[in-house]
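K.L.:
Residue-level listing of the chains:
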Amino acid sequence: MRHAGRRIGLGLYVLALLLPIYWLVIMSFKTNTEITSGLTFWPRHFVFLHYHHIFNDPVWRHGFLTSVTYVALNTVISVTIALPAAYAFNRYRFLGDKHVFFWLLSNLMAPPAVYAMPFFNLYYAVGLFDTVWAVALAHCLFNVPLAVWILEGFIAGVPREIDETAEIDGYSFPRFFVRIFIPLIGNGIGVAAFFCFMFSWVEQLLATTLTATNAQPFIAVMSRTYSAAGMDWGLLAAAGVLTMIPGALVIWFVRNHIAKGFALGRV
Amino acid sequence: MPDKPLNNKAWFLVLPVLGFVLFSSLVPMMTVVNYAFQDTMGQNHFFWNGIAWFRHLLDPSTDSGQRFAGALTRTLLFSLAVLAIEIPLGIAVALCMPRHGRAIGPLLVVIALPMLIPWNVVGTMWQIFARQDIGLLGAALNGLGIPFNDTQYPVSAWSTILMMDVWHWTSMVVLLCYAGLRAIPDAFYQAARIDGARRWAVFINIELPKLHRVLVIAVLLRFMESFMIYTEPFVVTGGGPGEATSFLSLDLVKTALGQLDLGNAAAMSLVYLLISLTVCWVFFTAMTQIDRRREG
Amino acid sequence: MTRITLDGVAHSYGARPRDERDYALKPLSHVWRHGLAYALLGPSGCGKTTLLNIISGLVVPSQGRLLFDDRDVTRLSTERRNIAQVFQFPVIYDTMTVAENLAFPLKNRGIDKAAIGRRVAEIAEMLDLTRDLARRARGLSADVKQKVSLGRGLVRADVSAVLFDEPLTVIDPGLKWELRSKLKAVHRALDLLMIYVTHDQVEALTFADEVVVMNDGQVLQIGTPAELFERPAHTFVGYFIGSPGMNLLPARVAGREAEIDGHRFPLAASYPTAAPGQRVQIGVRPDHTTLRASGGLPVQVRRVEDLGRRQLARVTLGAHELVATVPPGTTLAAGAAAVHFDPARTHVYVDDRLVEGTP
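Chains as they are written, first to last, in my numbering: chain A, 1 to 267; chain B, 1 to 296; chain C, 1 to 359.
No lab work stands behind these hints, which were simulated from the structure alone.
Because the structure is a prediction, the values reported are computed rather than measured.
The hints are all genuine.
Cut-off 20 Å, straight-line C-alpha distance, at most; resulting in silico cross-link-like pairs (EDC-like, lysine to aspartate or glutamate):
{"id": "1", "chain 1": "B", "residue 1": "Lys-4", "chain 2": "A", "residue 2": "Asp-163"}
{"id": "2", "chain 1": "B", "residue 1": "Lys-4", "chain 2": "A", "residue 2": "Glu-164"}
{"id": "3", "chain 1": "C", "residue 1": "Lys-26", "chain 2": "C", "residue 2": "Asp-352"}
{"id": "4", "chain 1": "B", "residue 1": "Lys-9", "chain 2": "A", "residue 2": "Asp-163"}
{"id": "5", "chain 1": "B", "residue 1": "Lys-4", "chain 2": "A", "residue 2": "Glu-167"}
{"id": "6", "chain 1": "B", "residue 1": "Lys-210", "chain 2": "C", "residue 2": "Asp-94"}
{"id": "7", "chain 1": "B", "residue 1": "Lys-210", "chain 2": "C", "residue 2": "Glu-100"}
{"id": "8", "chain 1": "B", "residue 1": "Lys-9", "chain 2": "A", "residue 2": "Glu-167"}
{"id": "9", "chain 1": "B", "residue 1": "Lys-9", "chain 2": "A", "residue 2": "Glu-164"}
{"id": "10", "chain 1": "C", "residue 1": "Lys-107", "chain 2": "B", "residue 2": "Glu-207"}
{"id": "11", "chain 1": "B", "residue 1": "Lys-254", "chain 2": "B", "residue 2": "Asp-39"}
{"id": "12", "chain 1": "B", "residue 1": "Lys-4", "chain 2": "A", "residue 2": "Asp-97"}
{"id": "13", "chain 1": "B", "residue 1": "Lys-4", "chain 2": "A", "residue 2": "Glu-161"}
{"id": "14", "chain 1": "B", "residue 1": "Lys-9", "chain 2": "A", "residue 2": "Asp-97"}
Every beta carbon over 10 Å from chain A, so not counted as near; a handful from chain B, in silico:
{"id": "15", "residue": "Leu-76"}
{"id": "16", "residue": "Leu-77"}
{"id": "17", "residue": "Leu-144"}
{"id": "18", "residue": "Tyr-153"}
{"id": "19", "residue": "Val-155"}
{"id": "20", "residue": "Tyr-189"}
{"id": "21", "residue": "Gln-190"}
{"id": "22", "residue": "Gly-196"}
{"id": "23", "residue": "Ala-201"}
Yeah, the Cβ is synthetic: ideal placement off N, Cα and C, and Gly gets one too.
Here chain A stands alone, though its shape is the one from the complex (with noise of 0.2 Å):
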């Protein structure tokens, strides 16, 4: 009885959280006649007009390609420079050490559009602007914060009878970090990496700002579906659903890692 109702309970947030997604899923696969001329549960004309012209045009395809970049180069920047950094907050003291933390945590709450603006004369000035390289860095402003943070959660569940072993047996400091260390904490540089990768893939606001054709986010060239001639609604859904399948995709890699990634290693 009291299981029949937490099952009711989970099914209707599921629910909740497929709905707007099942419709846009939908919508992609109608023509505009049929998404404009009524509801429909399901597409009358079930049509891959969307998806081949996605497909078939070089600009989506660069944009695709874009996003990939500059989200790969963040998430491989942010954790390469994070683990040091964590192990050392971890793992010792020194001078400033909880300042710097707390200040490295606090660009993890700056709003990003306070940054849009001087993000632009900065990269504009070092000329970067409208590159994927702009829009990696700009990202490394929450992505390194937050590695920082979750890594160090996970470090916290080594022992650190490990690195004195180590140590006692002679191994240098890189090579223990590299050789022993990091396969150690594996499962949270996954997650780190999933969550760079995640904040780094869902961000708009300085990705669209940094750049402008060269280097056009996906997520932007979806504004070519806004035209004078009106709204591109199925294009709109199809770019729209594409945009989920990396993430979902790597969601399904580090599912059984996730929710302990969520509580940052630590509960």
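Once you've looked at the hints, dock chains B and C against the given chain A.
P.N.:
Using the frame of chain A, we list chains B and C on its own:
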């Protein structure tokens, strides 16, 4: 960990992070500060303007002051509403999740999915979903005789954006709480059954205390994200109808990039940032306090 | 007064057990008598926790009946049985004080405040918790926490059996002994049925009036510590109990005589000759295996261990290893020696089960 060794060489491990984040935060911030205390007659000619921008901003009798106060109130109201709905709902859903079984993997994927959709796509999805002509939600509500149109009625616009945020982010609270609940050993539930505790007593005496920490993180993250919200309302309502859903960040971007009113925008940025940081600091202190109490 | 009867109880965690191996607990009938302390002893994964959880009602057995006195409680929920359980790790309510923890089960049953206060004070007194009553349970040490969880079970006046699931696992070695004697004292004072799960034979043998030895989902023997030691009903009981365990040697038995690798020796009773294909073993405890210079089965001495009070020798008889007691004052020529088995304490096992001889 009270017995961490003191080692100032650890600074070298932190340097790369420091370099990157300084480049991404301090340098741009200097530009902002620069603008905030200067005014321009155009053509890159700036002069010192003191705290005039701030005085305008914080004085509700001026135009910009009124706008700022309105946007700030709306943003705070939105954040509070988001917390009031998402935290209890997230806990409730997490309590409904099965503790063991094969369904968990796919379930977690579905629950996490909304968070991995680009924010403007979330906006687009809800813009479509809420439309009365081609959207399921809008059409259904109107069909039920409830006048619903998020481009005309402030109530509709607000409820659309709230629903969207609940849809988008409750899952974060669910996942956090789920992780917290899973860390409770089965023996606690068994002991509670033997003690004859009712469901509510189990929740109050076992589950809630164990969720304390993850809930602090959840409240912090949800407050911050909702306080900074930009893309989704920008896509769905564009701040309208009128100014009804014009939150701080929307207003800020409009001022900075739309109207190129740099001084005003910079002053807004600083005040905005200061509020974010204060809240962040309060939470951070609270969290370390909890940690200390747990260890002590 | 409660007597707990297991009537053909068995459990399988899978939905449809196909053969014997699918059972976490194989069919078992037994009566647990009021006022006794039982220990369920066996290695990890032998089904002892499953059996305990069936009695407490956390697990509903897939077959058989469970009776409290004459009442069938097989499907009765945990909270409606008069059972208290202490778990491996202390289960306490972090946010409450010790007193509130102890009062919790009574409060849930709607008992009035004054009665709760009296009962809590009484139980706290018995468990030496009176000084800690006002303290928050969170900051207590593991042994005090374990006492609080025991107290939460005992506080109910109607409780008729207390179940312990390896309750000393997280207790410091020094405090284990103290907590165990507290348990014994409580047992004597309250005249309860206690069932104590453990994989530690010392704990089991010192705590219990009767020990139930389990392995692989099966009860192998139920008996007093002395019975388990003197007459193990199964080879597993023989080598699991006692340190070192029983010597077990493949042998041929005919009438009053046994033969190992061509060496014959006498038995105290007469045994029927085993059918072909059956595995016959001789079991003798090291305590009843004496090492001599000569006059017995010829062995090679590998190592002699001085345990202070006694000396044990590890020896080989042909290809078989065994342990023998070295009587004080024995002088040994290096290498070759002989062992003697006490005929009255030498048991015969066919396919691992003890066979009774005829005198």
